[in-house]
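Trainee: Just need the whole structure built from these sequences, with the hints factored in.
Line by line, the protein sequences give chains A and B.
FYI, the numbering used here numbers position 68 of the first sequence as 68, with every residue one higher than the one before it.
FYI, the numbering used here numbers position 42 of the second sequence as 42, with every residue one higher than the one before it.
Since the hints were made in silico from the structure, they are not lab data.
Honestly, I wouldn't trust all of these hints.
[Unchecked claim] When the alpha-carbon atoms are kept at most 30 Å apart in a straight line, the in silico DSS-like pairs for lysine-lysine are as follows:
{"id": "1", "chain 1": "A", "residue 1": "K77", "chain 2": "A", "residue 2": "K56"}
{"id": "2", "chain 1": "B", "residue 1": "K14", "chain 2": "B", "residue 2": "K57"}
{"id": "3", "chain 1": "B", "residue 1": "K57", "chain 2": "B", "residue 2": "K83"}
{"id": "4", "chain 1": "B", "residue 1": "K70", "chain 2": "B", "residue 2": "K9"}
{"id": "5", "chain 1": "B", "residue 1": "K57", "chain 2": "A", "residue 2": "K52"}
{"id": "6", "chain 1": "A", "residue 1": "K60", "chain 2": "B", "residue 2": "K9"}
[To be verified] Interface residues of chain B toward chain A, partial, derived using beta-carbon atoms under 8 Å:
{"id": "7", "residue": "N101"}
{"id": "8", "residue": "Q102"}
{"id": "9", "residue": "P103"}
{"id": "10", "residue": "G107"}
[Said to hold, decoys possible] Computed, partial: chain A to chain B, Cβ under 10 Å:
{"id": "11", "residue": "V4"}
{"id": "12", "residue": "A91"}
{"id": "13", "residue": "Q106"}
For glycine and all other residues, C-beta sits at the position ideal for the given N, C-alpha and C.
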Amino acid sequence: GNSVTQMEGPVTLSEEAFLTINCTYTATGYPSLFWYVQYPGEGLQLLLKATKADDKGSNKGFEATYRKETTSFHLEKGSVQVSDSAVYFCALNAGGTSYGKLTFGQGTILTVHP
Amino acid sequence: DGGITQSPKYLFRKEGQNVTLSCEQNLNHDAMYWYRQDPGQGLRLIYYSQIVNDFQKGDIAEGYSVSREKKESFPLTVTSAQKNPTAFYLCASSLQPGQYNQPQHFGDGTRLSIL
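Mentor: In structure tokens:
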């Protein structure tokens, strides 16, 4: 079956530090990959996506590259801000008979201190 | 602005009571989904619907029921058979269910607690 594994959290960083959140996946076929962000008490917002191998998704200074050879989609940001504190979810859509269903990782809590 | 509206934001359930969570979207999306989120866990799919008057069970459908009588609406009922209903419930939609590159759009959630 399909699965997504994220690095263990929580992650605590100082402002302007470099961020990496690891995400690896298992899926049949060629899934689309997504990063979502959830701020306290809110729903999920799409952060970025990539739909084929070697695609790079980017948004708000965040980037992730679809690496088929390592089945990974790691999230990176060069300089985090306090406002980036949130929970980050990696997800995949395997297509086919999945009918648009997303498979999520368990989420990584990021806290950024001034 | 288009989006997904979930109501209420907070809901309390008494023992033996059914409660219904509302989800409305004005994005003209075909597919809609219900997820359950527990602390420290990812999202788990309860039910999904690809088209009006059709829906399928997700991974944890027991104790829940849904309907899809209108394209815009996908209410979720948490029945008394759901013994551990305390969780954060998220509704989502996507443009076309068969398109694997379509992202899902989420509402702001309903937090359900037991009295």
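Trainee: Each hint needs a verdict: does it hold in this structure or not?
Mentor: The hints, checked one at a time:
1. A/K77 / A/K56: holds, 13 Å
2. B/K14 / B/K57: holds, 25 Å
3. B/K57 / B/K83: holds, 18 Å
4. B/K70 / B/K9: holds, 22 Å
5. B/K57 / A/K52: holds, 29 Å
6. A/K60 / B/K9: holds, 28 Å
7. N101: holds, 4 Å
8. Q102: Since the shortest Cβ distance to chain A is 6 Å, the answer is holds.
9. P103: At 5 Å from the nearest chain A Cβ, B/P103 passes the 8 Å test, so the hint holds.
10. G107: Since chain A brings a Cβ to about 5 Å from B/G107, closer than 8 Å, the hint holds.
11. V4: holds, 8 Å
12. A91: Holds - the Cβ of A/A91 comes within 10 Å of chain B, reaching about 8 Å at its closest.
13. Q106: holds, 4 Å
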